[in-house]
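Asks: The chain contents come next:
Protein chains: 2
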Amino acid sequence: MRERLLAAEKVKSIDWRDGRLYLLDQRKLPLQTLWHAYESAAAVAEAIRDMVVRGAPAIGISAAYGVVLGARARLAAGEDWRAALEQDFALLAASRPTAVNLFWALNRMRDRLDRLGQGEDPLRVLEREAIAIHDSDREANLTMAQFGVELIRKHNHNAQQLLTHCNTGALATGGFGTALGVIRAAQLDGLVECVHVDETRPWLQGSRLTAWELAGEGVPVSLNVDAAAAHLMKTRAITWVIVGADRITANGDVANKIGTYQLAVTAMHHGVRFMVVAPSSTIDMSLESGDDIPIEERAGGELLEVGGQRIAADIAAFNPVFDVTPADLIDAIVTEKGVVERPTAEKMAELMNRKRLH
Amino acid sequence: MRERLLAAEKVKSIDWRDGRLYLLDQRKLPLQTLWHAYESAAAVAEAIRDMVVRGAPAIGISAAYGVVLGARARLAAGEDWRAALEQDFALLAASRPTAVNLFWALNRMRDRLDRLGQGEDPLRVLEREAIAIHDSDREANLTMAQFGVELIRKHNHNAQQLLTHCNTGALATGGFGTALGVIRAAQLDGLVECVHVDETRPWLQGSRLTAWELAGEGVPVSLNVDAAAAHLMKTRAITWVIVGADRITANGDVANKIGTYQLAVTAMHHGVRFMVVAPSSTIDMSLESGDDIPIEERAGGELLEVGGQRIAADIAAFNPVFDVTPADLIDAIVTEKGVVERPTAEKMAELMNRKRLH
Chain Y
31 MRERLLAAEK VKSIDWRDGR LYLLDQRKLP LQTLWHAYES AAAVAEAIRD
81 MVVRGAPAIG ISAAYGVVLG ARARLAAGED WRAALEQDFA LLAASRPTAV
131 NLFWALNRMR DRLDRLGQGE DPLRVLEREA IAIHDSDREA NLTMAQFGVE
181 LIRKHNHNAQ QLLTHCNTGA LATGGFGTAL GVIRAAQLDG LVECVHVDET
231 RPWLQGSRLT AWELAGEGVP VSLNVDAAAA HLMKTRAITW VIVGADRITA
281 NGDVANKIGT YQLAVTAMHH GVRFMVVAPS STIDMSLESG DDIPIEERAG
331 GELLEVGGQR IAADIAAFNP VFDVTPADLI DAIVTEKGVV ERPTAEKMAE
381 LMNRKRLH
Chain S
31 MRERLLAAEK VKSIDWRDGR LYLLDQRKLP LQTLWHAYES AAAVAEAIRD
81 MVVRGAPAIG ISAAYGVVLG ARARLAAGED WRAALEQDFA LLAASRPTAV
131 NLFWALNRMR DRLDRLGQGE DPLRVLEREA IAIHDSDREA NLTMAQFGVE
181 LIRKHNHNAQ QLLTHCNTGA LATGGFGTAL GVIRAAQLDG LVECVHVDET
231 RPWLQGSRLT AWELAGEGVP VSLNVDAAAA HLMKTRAITW VIVGADRITA
281 NGDVANKIGT YQLAVTAMHH GVRFMVVAPS STIDMSLESG DDIPIEERAG
331 GELLEVGGQR IAADIAAFNP VFDVTPADLI DAIVTEKGVV ERPTAEKMAE
381 LMNRKRLH
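Sequence order for the protein chains is Y and S. The opening residue of the first sequence carries number 31 in my numbering; numbering runs sequentially from there. The opening residue of the second sequence carries number 31 in my numbering; numbering runs sequentially from there.
No wet-lab data here; the hints were simulated from the structure. Be aware that one or more of the hints could be misleading.
One copy or two, either will do: identical chains are not told apart, so a pair holds if it fits within one copy or between any two.
Below, computed lysine to aspartate or glutamate pairings styled on DMTMM-like, alpha-carbon distance capped at 25 Å [said to hold, decoys possible]:
#	residue 1	residue 2
1	K42	D219
2	K264	D321
3	K40	E247
4	K264	E327
Work the whole structure out from these sequences, hints included.
Replies: Shown next as C-alpha cells:
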C-alpha cells in the first residue's frame, strides 16, 4: 500500500527550496496555479492568516519554515538574535487560533533551539527540524491511510459511498492527506464506489480543492452543497463520513471545519460511521474538552462575496470557521500512533502515552 | 396584529396590471431590482423554470396568471381554444416538479373553467380566479402569522433566537410570507432577539433575499453558512427553526428546500422546536408519504458557478434542490386552516376535512 500511495502522489502545496518557502496559493485553485515565494517570517504569518496555505498540518509545516526564515534574518542582524526571534514566534502564533498544529510546530522549533548543542549552527539545526516536521507529517499520512483502510475493511468488504468535508488532502498536509489520505488508500484498495464531497462554504475547499484533487486522480467524486449531506445519508447509503481535525482535546472532542459537527449529528441519526483522521500533532492534551478550544471567527464579508464579487446585501454575518464535535459522536480517531475507537479521555491518554519509535 | 402586519408590508414580487404579469427578477436581487413583463403562458413557464420567480406559493400564483395569458391568446386565435389551452396547462405544469402549489393553482383554474356558466366571459372568469388565488394566499399569510405567533407564545414569553432557511417572505408568496410571515409577526410582538438566516446554497436565497428582506424592515438578522446551523443551535440558544414547505403529504412529511431535513435532525438533537409554515395549497393529500414526492434535481453547474463566475473545476455535482423531512421530526405544521402539532396522518386528514369558510 505504501508504495502504491507514494506512486499515486500528484499534488503538493509546500516546497522548501534554496532557502525559500514556496506556497501554492490555495485561494486561486483550481482556476489558477500560482506559487508564491516567502523569505520572511512575517510574510509566512500573513500567508497563513490570509489562507494562501490552509489545513492544520500544512499550517504547522509552513510556520516551522517561517521560523527558519525568521532566524536567518535575526542572525544576520546580529545583536540578541534569540530574543528577537521570539517576535517571529509570536507573529506566527497569532496568525490563526484554532489549529493546534501551528503551536505544536512552533513549540517543537523552540524546543530544538533550547537544546542547541555547543558548536551547532542554529540555522542549520532549525532548517533540519522544519524539514523533519514536514517529512514526519508525510510519514504520518502514510501510516494513517493504512490504519484508516483497515478500519473500513473491518466493517465493509465492498466498494462504499463515502462523504467528506473541507479539504484534507495533499493541499492541507505535507503529504497526501489525512482524511483524504484514507480515502485515497481506500480507492486503491477497491473500497470506494463514490466520494461525496461537501462544497464547504464559505471558502469552498470542497469544490475548489477536494473534488479537484480527487477527480484529477480518477477517484469517482460527486460534489454537493453542505446542506445536502443528511439527504445523501438517507438516500445514498453513505457508510462513512471521513474528516480531518484542527484540534483534538484530551477527552476526544474534535474541532474541525464548520459543518463537521452537523455531519456528526446527522451521521449518528442515520447510523453512518464517523471517522476523524489527524496526526498526533493535532492532539492537544492540555485542553480538557472542546469547550476550551478557541474557535476562529473570520470576517462576515467572506459570506457576502465570492471571488471578489458581491453576492448579498450589506448585512451582518456570523462566520465561525470551525465547530466542535463531541467525542461521543465519533466512532474512531485515526492517528499515526494508532486508532482510538469511541474516544474517551482514558483512551486518548493511553494513545498519547504509548512509547513508540516515531 | 393584522393591521400592523399590513402596515409593515414593503416588498412584493408579483404584480398583475393592465392584463400583464410583472415579476421581480429574484435571481438579480439584492444587487439589482429588475421587473420583467410577461404576456404569454410559455414565457411564464420559462420564468418559473429559470427561477425569476420562486417560492411555492409565488409559483402557484404566477402559473394561475400564466393560464390567463394563455387563454387570452387561445381565445384570440379562435378555433378550439379550450383544447388548445391544455397545452399551456401542460407547459406550466412541467416548469418545476416539487412544489405542489403549482399543480394546485393549475387545477383550481381548470376546475373554474369546467364550471363556466352560460354567458360568462371565460377570460374575465379566469382573471378573477387568478386574482382570487393571489388574494387568498395573502390572507392565508396573515392568518398563519397569527397562528404561528400564538404557538411561539405558548412556549416562550420573551425575545427568542430563531433560525430560518431559504426565503419564505414577500418574495416567495403573494403576501408577506409563510415562515417569514410568522417571524415578522413575532418581531412585531417583541418575540425576536435575532433571526439567524442560513445562506441557502446554491441559490443563496437566504443571503440574497431573506436577510435582505428582514434587514430592510429593521428585524435583527445574522447570516450564517448552512453548515453552521448545528453549531448555532449548540452555542446560541436557538429555540425555534421556522421554515416553509413545497409539498406536505397526507402523513405530515414535508418537502422543502435542500437542507431543511438536516435542520430538522439537528433541531431534534438539540431540543430545538421545528415549525413548518405553509398554506393548505401546499398539502397534497393524494400522496401517502414524502417518499412519493418528486424531488427536483437541477443542473450540477449551479454549484460550480456563482453569478456566472466559475468557482470550481469541471466536476460532477449532485444538485437535489429539495429534501423530505419526516413528520416525526416536526413539532408543528402551521396552515391558514389551523395548526397541526406533532403531525400524523389522522391529524392531517382532520385538518383538511374541516368545514371552513375560507
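Asks: With identical chains, the pair K264 and D321 could be close in the same copy or across copies; at 25 Å between alpha carbons, which is it: within, between, both, or neither?
Replies: between (30 Å within a copy, 11 Å between copies)
Asks: At most 25 Å between CA atoms: does that hold for K42 and D219 within a copy, between copies, both, or neither?
Replies: This pair counts as within: shortest intra-copy Cα distance 23 Å, inter-copy 56 Å.
Asks: Using 25 Å as the alpha-carbon threshold, which applies to K264 and E327: within, between, both, or neither?
Replies: Answer is between; shortest inter-copy Cα gap is 16 Å, intra-copy 31 Å.
Asks: Treating 25 Å as the Cα threshold, decide for K40 and E247: within, between, both or neither.
Replies: Answer is within; shortest intra-copy Cα gap is 8 Å, inter-copy 52 Å.
Comparing the model with each earlier hint shows no violations; every hint is respected.
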